[in-house]
Amino acid sequence: MNPQAKLIFITSLLLGSTITISSNHWVMAWTGLEINTLAVLPLISKSHHPRAIEAATKYFLVQAAASTLVLFSSMTNAWHTGQWDITQMTHPTSSLILTAAISMKLGLVPFHFWFPEVLQGSSLMTGLLLSTAMKFPPITLLYMTSQSLNPSLLTTMAILSAALGGWMGLNQTQTRKIMAFSSISHLGWMTIILVYHPKLALLNFYLYTLMTATVFLTLNSMKILKLSTLMTAWTKAPSLSTILLLTLLSLAGLPPLTGFLPKWLIIQELTKQDMAPAAVIISLLSLLGLFFYLRLAYCATITLPPHTTNHMKQWHVNKPVNTSIAVLTTLSIALLPISPMIATIV
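UniProt numbering puts the sequence shown at residues 1 to 346.
Do not rely on the hints blindly, as some may be mistaken.
Derived Cβ-Cβ restraints for the label pairs, each shown as a range [as the list claims (entries may be wrong)]:
(1) F72 / T323: 44 to 52 Å
(2) A326 / S152: 40 to 48 Å
(3) V327 / K223: 18 to 26 Å
(4) E54 / T11: 21 to 29 Å
Hints listed in this document are in silico derivations from the structure and should not be mistaken for laboratory results.
Where is the CB? At the ideal position from N, CA and C, for every residue including glycine.
Construct the complete structure from the given sequences, taking the supplied hints into account.
And the structure:
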């Protein structure tokens with residue numbers, strides 16, 4: 001892609017996100033979401049492969065429908081209350097439509113079908129954008145309207161997202177699809193706590209972004225799109241494979257690593273809110289996610305030769321690890337000791 005065009009699209013993405021995040025008026029928020037959608041479409045379809053064009057088309061149709069619903073919900077709310085302010089979403093039907101619209105934007109169950117397909121048709125770097133930066137504006141809208149959303153609906157959607165994200169990721173062999181189902185599962189954790197402790201949902205999103213960025217950048221630098229390639233990558237870049245192992249275990253939420261922190265705080269908050277059954281269910285469902293992260297980690301580091309897969313040996317590349325990967329990995333692994341400080345901020 002032409003560097004100037006790429007610069008324009010990335011700038012538009014930043015502009016759209018900033019407009020949505022900083023707006024108080026529904027029409028401005030909608031404008032920001034539309035700029036975002038239009039800016040990311042060329043990034044998805046840049047390879048001109050039929051799969052990429054299909055992904056861009058699916059993305060456009062879903063996002064256009066979701067934006068229409070956002071506009072519709074804000075208009076019906078303004079019609080009943082005379083308020084265009086984002087925080088004044090008080091009409092119950094409008095709140096319901098808005099929940100559906102933002103769920104479509106994010107890829108929450110039952111509006112998740114487009115997300116794995118779009119991620120599979122994109123490159124790894126565009127996949128990273130779709131999994132992290134593109135989810136930030138819709139999550140901020142949920143954060144701003146959290147006091148007027150329906151708690152039982154969000155809890156149901158969250159548990160279904162955690163279940164489906166874990167369940168459907170089990171038999172995948174493509175790394176991008178595995179990351180897509182991982183994203184759906186993590187969104188479930190953010191959604192379940194959103195009404196009760198919105199700041200905790202945002203903290204979960206920030207830490208999820210850190211860990212997902214590390215995984216995507218590592219996979220991108222090793223050029224890994226499927227598990228069979230991952231099995232042979234140990235000889236090519238041993239340090240990156242080790243980094244990948246630790247980050248995947250952190251994404252799974254295992255205790256000494258960063259990923260344990262948001263899950264721990266969310267379970268604690270749910271218990272305080274007399275929602276122990278929901279906490280138990282979502283904790284058990286995260287074991288499904290743990291299984292496919294362990295499968296990825298196993299393929300990355302534990303399947304040392306000789307093994308039964310027929311493959312070409314990859315050349316060992318003796319180049320240093322990218323600085324951004326090193327910094328992100330450190331943050332993805334070692335933030336748990338400073339959790340008291342993070343907890344005071346939240």
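Status of each hint after checking the structure:
1. Distance hint check: the CB atoms of F72 and T323 are about 45 Å apart, consistent with the given range 44 to 52 Å.
2. Checked against the hint of 40 to 48 Å, the C-beta distance between A326 and S152 comes to roughly 44 Å, which is consistent with it.
3. Judged by the Cβ atoms, the range 18 to 26 Å given for V327 and K223 holds: they are separated by roughly 21 Å.
4. Distance hint for E54 and T11: a CB-CB separation of about 27 Å, consistent with the stated range 21 to 29 Å.
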